[in-house]
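Trainee: Letter by letter, the chains look like this.
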Amino acid sequence: MDSFFALHLVLAMKLPEGLTPNLQLLMPEFIIAGTAIAAILPELVLPAGRRATATAWTSFVGLVIAFVVIVAMGPSSEKALHVVSGDATVTGWTADSFSVFCRALTTAGGALLVLLSIPYTRRMDRGHGEYYAILLFALLGVMLVAGVSDMLSLFVCLELVTIMAYILAALRRNDVRSTEAGLKYLVVGAVSTAVLLLGIGLIYGAVGSLSFEALAGVMALGSPPAILVLGIAFVLIGLLFKVGGVPFHVWIPDVYEGAPSPVTAFLITASKFAGVVLLIRFGQAAFLPSIGATDAFDWVLILGVISVVTLLFGVLGAIPQRSIKRLLAYSSIGHAGYIIMAFAAIAAEGGPEKGTSALLYYLMAYFATSITAFGVIITVGAAAKSHGSDAYTGLGRRAPFLALAMLLALLSLAGVPPLAGFFGKFLILAAVVDKGLFVLAFIGAGAVIVSLYFYMLWIKEMYIREPVEGHAYPAIHVPGVTRVVLWIGMVAMLVMGVVMGPFYEWAHDAAHSMAALLSK
Amino acid sequence: MNPLLLCLIAPAAATLAIFFVDAKEKKTIRVIATVATGVSLAMAILMFIGFGDYSYEHAATAAEFTANAGEADEHVYKYGIATDWVEELGLSFRLGVDGMGLAMVLLTSLIIFAGVMVSYTIQSRVKEYYICLLALVTGVFGVFASLDLFFYYFFYELAVIPMFLLIGIWGSTTKTVDQYYATMKLVLLLSAGAVMALIGLIAVYGDAGTFDMVRIEEHGFSSGFQMLWFPVIFLGFAALVPMWPLHSWSPAGHASAPAAVSMLHAGVLMKLGAFGILRIACLYFPEAAAVYLPYVGILCCFNIVYGGLVAVSQRDMKLIIGYSSSSHMGYVLLGVASASLIGIEGAVFLMFAHGVMTALTFALIGWFYDQTHTRMLDDLGGMMKVMPFCGTLFIIASMASAGLPGFANFVSELMVIIGAWSSRDILWYGIPAVFAVWGLVITGVYLLRAVKDAWFGDLPERWKNLRDQRTLAEKAPYLILTGVLLLFGFWPQPMLDVVHQGAKPLVVRLDEGRATHEAARTAREGGTKAVQLPAGGAQGTALADTALAGTALADTDSTSEGSR
Numbered sequence: 138m139d140s141f142f143a144l145h146l147v148l149a150m151k152l153p154e155g156l157t158p159n160l161q162l163l164m165p166e167f168i169i170a171g172t173a174i175a176a177i178l179p180e181l182v183l184p185a186g187r188r189a190t191a192t193a194w195t196s197f198v199g200l201v202i203a204f205v206v207i208v209a210m211g212p213s214s215e216k217a218l219h220v221v222s223g224d225a226t227v228t229g230w231t232a233d234s235f236s237v238f239c240r241a242l243t244t245a246g247g248a249l250l251v252l253l254s255i256p257y258t259r260r261m262d263r264g265h266g267e268y269y270a271i272l273l274f275a276l277l278g279v280m281l282v283a284g285v286s287d288m289l290s291l292f293v294c295l296e297l298v299t300i301m302a303y304i305l306a307a308l309r310r311n312d313v314r315s316t317e318a319g320l321k322y323l324v325v326g327a328v329s330t331a332v333l334l335l336g337i338g339l340i341y342g343a344v345g346s347l348s349f350e351a352l353a354g355v356m357a358l359g360s361p362p363a364i365l366v367l368g369i370a371f372v373l374i375g376l377l378f379k380v381g382g383v384p385f386h387v388w389i390p391d392v393y394e395g396a397p398s399p400v401t402a403f404l405i406t407a408s409k410f411a412g413v414v415l416l417i418r419f420g421q422a423a424f425l426p427s428i429g430a431t432d433a434f435d436w437v438l439i440l441g442v443i444s445v446v447t448l449l450f451g452v453l454g455a456i457p458q459r460s461i462k463r464l465l466a467y468s469s470i471g472h473a474g475y476i477i478m479a480f481a482a483i484a485a486e487g488g489p490e491k492g493t494s495a496l497l498y499y500l501m502a503y504f505a506t507s508i509t510a511f512g513v514i515i516t517v518g519a520a521a522k523s524h525g526s527d528a529y530t531g532l533g534r535r536a537p538f539l540a541l542a543m544l545l546a547l548l549s550l551a552g553v554p555p556l557a558g559f560f561g562k563f564l565i566l567a568a569v570v571d572k573g574l575f576v577l578a579f580i581g582a583g584a585v586i587v588s589l590y591f592y593m594l595w596i597k598e599m600y601i602r603e604p605v606e607g608h609a610y611p612a613i614h615v616p617g618v619t620r621v622v623l624w625i626g627m628v629a630m631l632v633m634g635v636v637m638g639p640f641y642e643w644a645h646d647a648a649h650s651m652a653a654l655l656s657k
Numbered sequence: 006m007n008p009l010l011l012c013l014i015a016p017a018a019a020t021l022a023i024f025f026v027d028a029k030e031k032k033t034i035r036v037i038a039t040v041a042t043g044v045s046l047a048m049a050i051l052m053f054i055g056f057g058d059y060s061y062e063h064a065a066t067a068a069e070f071t072a073n074a075g076e077a078d079e080h081v082y083k084y085g086i087a088t089d090w091v092e093e094l095g096l097s098f099r100l101g102v103d104g105m106g107l108a109m110v111l112l113t114s115l116i117i118f119a120g121v122m123v124s125y126t127i128q129s130r131v132k133e134y135y136i137c138l139l140a141l142v143t144g145v146f147g148v149f150a151s152l153d154l155f156f157y158y159f160f161y162e163l164a165v166i167p168m169f170l171l172i173g174i175w176g177s178t179t180k181t182v183d184q185y186y187a188t189m190k191l192v193l194l195l196s197a198g199a200v201m202a203l204i205g206l207i208a209v210y211g212d213a214g215t216f217d218m219v220r221i222e223e224h225g226f227s228s229g230f231q232m233l234w235f236p237v238i239f240l241g242f243a244a245l246v247p248m249w250p251l252h253s254w255s256p257a258g259h260a261s262a263p264a265a266v267s268m269l270h271a272g273v274l275m276k277l278g279a280f281g282i283l284r285i286a287c288l289y290f291p292e293a294a295a296v297y298l299p300y301v302g303i304l305c306c307f308n309i310v311y312g313g314l315v316a317v318s319q320r321d322m323k324l325i326i327g328y329s330s331s332s333h334m335g336y337v338l339l340g341v342a343s344a345s346l347i348g349i350e351g352a353v354f355l356m357f358a359h360g361v362m363t364a365l366t367f368a369l370i371g372w373f374y375d376q377t378h379t380r381m382l383d384d385l386g387g388m389m390k391v392m393p394f395c396g397t398l399f400i401i402a403s404m405a406s407a408g409l410p411g412f413a414n415f416v417s418e419l420m421v422i423i424g425a426w427s428s429r430d431i432l433w434y435g436i437p438a439v440f441a442v443w444g445l446v447i448t449g450v451y452l453l454r455a456v457k458d459a460w461f462g463d464l465p466e467r468w469k470n471l472r473d474q475r476t477l478a479e480k481a482p483y484l485i486l487t488g489v490l491l492l493f494g495f496w497p498q499p500m501l502d503v504v505h506q507g508a509k510p511l512v513v514r515l516d517e518g519r520a521t522h523e524a525a526r527t528a529r530e531g532g533t534k535a536v537q538l539p540a541g542g543a544q545g546t547a548l549a550d551t552a553l554a555g556t557a558l559a560d561t562d563s564t565s566e567g568s569r
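Which chain is which? The protein sequence lines are A and B, in order. Numbers in the working numbering are just positions in the first sequence, counted from 1, shifted up by 137. Numbers in the working numbering are just positions in the second sequence, counted from 1, shifted up by 5.
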């Protein structure tokens, strides 16, 4: 603790006048960064057999401590690294309820991801320390993303997540598919990064500052210059790459399928989450101030069209898939469609709060659901050495617990009560109808039916079809940690689906703090 | 404890309890399921007896419900209970039933109790079976008891999904129907209807600003809003009824489901749709109902006649009953479409009677199908010789279905036809009423033929050893259902009193809605005609209107006056 304040002092001396560091707000992030470095240590001192477990538990403890600290500290009206005077390039890092919500969700989800990774990393012959350290740095990036309020931090924090994700995707360097996944991800990701940077440059040129507040100020004046609209569009494209909106989705199926399963779980939850959080943060500055202006650019139409195309591409593309990882990849594109649909509702006239809180609830549900699904995928994949549908035939008979977890996860993804995914989708549809975007709502509701079809096919494989006679199925061993994660996931899905009150209140508070920020 | 809440919680708790029972303990599982559904049935009967007549002696327990009691035309929900759920959204967990809801709760509890007992013959994966069955019935109870729009939909969708596994795992594939195809089609079409209704429900929420169904009822929707959203919500629920031409999931689903699921499916699930139409579409949008319901009167002729004729051409007994069900739901729709007191009361009573009758039929078919593994009329014959009990009850059920006096079906179908006819609107309701009467003749054709081919004639050698229901435990579920049919056939008044309590306020609203609509139309036409005929007032233009509209208007006035 002393050294922490020493660091504080050093920074305070070195940095220019007028800057109030408020570094204690970043305490959880320091904990994660420290843990990430500490996670490498067991690799150096312990024998090979015990490295995976020791590193994993170090990371787990770090994440749990960070979670507790985040919740205990609560939201703060102050900003970290806030420049009071001078050229306001860096405008500070906020710790409002929105940021607290996102970071708490990230650390909680991250802790479960670490637990899920344990059985997987035990089977790796090397690189345990690297895996957990990189995963923690990536999670650190997601946490930092939650509080950014200027373009520069946006770029740096997002790149922290993305570059770590490239490495993670190519983790199994002897495996062709994993390498291919990493390479594809890198190439497409680099392009999107370039576009994002270009957009930031254009915005800076038009606004003269990198801060969101300055951007919001210019947008509020109405009739933005073309160069600014172009800049916003480029940033939007860069972020849609991360979220996986059509036509920026091409990398998703191959990368999600080729990457190691725990990494896919990370990509599908935390990495996508970073993109969504940034979209919310950036959108507050870029879209909302111009609402009601006479010659405002019609962002709702663009977002609406992208969401519909994304949604239909995801759910229709998922139908012929016979590998569960690929299926979930397409389904994640479909979910991106709902996420972008919520953005259309946020950007439409009449206040962003409903849409934002719906989106946050949706993401919370999606976290719990995806982690449960991947708990099963990792376990079944380890036994069957396959993610194809034949590995799931008759799973209800062979491994009832895993099949049940998968059943609930798939139903939650489809949006069936009494599971969390249902209420998330309900809220998004309600927000969309509330803004009068009926066409979007009907398409969103229709996509539920299509997605129900392919999830049902998988459920049929697990429950209705009996195991093929004479086929030697490998015995499926469910490790203790996985069992715990699956229980947590199932209970979370059910509780969030039935007792929505407290969770919604939390999401609502977070959304409310964003709106308050805007009105200042 | 609130009996309605107990009715809902008993199967839900049993679902959880069975989850923690070892799968090998089949007997324990069956006992838990029977006790839980028995509790629901007992509560439903208690509520039915204690419901009281139309005099509103029994006030609801929740304070806000009591405020409504006392005035004769107010819509009162009894056995109310309410808890805030998500305050920011105005979402609360709210239960309560009016007379229509209670009739449906009683129906559900009767059928699931019988269904659980009928399912004793199921031997494979007993644990999963009862979990699915009880989850399904929890959803059904929830829909009938919910007074919150969100939970209404929540339970509605909850009831659809377990169907998929129930039909997929324990159903049967025959030459006529593939169970996987049937179950997928059923779930997708039902869900499609459900989400369509959902958008409408969300729009209702957006306009009224609350999910509380009692408060929404008091919220007056503008006529433009009504005209836009009535069709959406109506079609969403009509897919579940199922109204022609949205019916194709239903016979296939009935035919491939295991006995208890067919019972619930035909007996209760289809009624969810009609209940939704009455409870939400008609009650909230009375003006739009006046415009759209006549078209429903036309469509339901197709249900009655087309469904019946298809049933005539079937040789699979479950398909016959399946098509017969969609034919009979046509009568329910006709009663609803007539928007008259006697028609709607008849429709709700028919929902009850048809539910019990069709559940009995499916249970009986399930009993012999377990042994014969065929339901094709060509393979069966003469079974009366070996299964007299089963056969006798089957004939009784068939007679009830064909509308023989002495059964509840007769009373209710008569009321529906009278309701349709008494609207005196020959074009929109008179012709459908004529079709409905002839529909009964068609019903007689296919049922009597099924009875003749399956139960009489020569007994094939291979059916010599078929087993009849012997012990009282085996006979009990069938006897309960038959008893209910006869009881309400000979003494329909208690049920009609209960139904009347819910139907009356609905009809009053529908009459008001129609009057408003007619007045608006008269004013519109009067406005244009006033230019030509300055001397004539509103009275004059109404007389100058076509004879058809004139009679309809006069009839509306007389009904609404009579009902006050």
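Check each hint, because a few of them may be wrong.
[To be verified] Heads up, simulated SDA-like pairs for lysine to any residue below, C-alpha to C-alpha not over 25 angstroms straight-line:
#1 K597(A) to D383(B)
#2 K32(B) to V632(A)
#3 K180(B) to D383(B)
#4 K216(A) to K132(B)
#5 K132(B) to V632(A)
Quick caveat, the hints were computed from the structure, so don't treat them as lab data.
Trainee: Decide, hint by hint, whether the structure agrees.
Mentor: Taking the hints in turn, this is what the structure says about them:
1. K597(A) to D383(B): Outside the cut-off at roughly 33 angstroms; violated.
2. K32(B) to V632(A): Measuring from Cα to Cα gives roughly 30 angstroms; hence the hint is violated.
3. K180(B) to D383(B): This hinted pair holds, its Cα atoms lying about 13 angstroms apart.
4. K216(A) to K132(B): violated, 56 angstroms
5. K132(B) to V632(A): With a Cα-Cα distance of about 23 angstroms, the restraint between K132(B) and V632(A) holds, given a limit of 25 angstroms.
The structure does not agree with the numbered hints 1, 2 and 4 stated previously, though it agrees with the rest.
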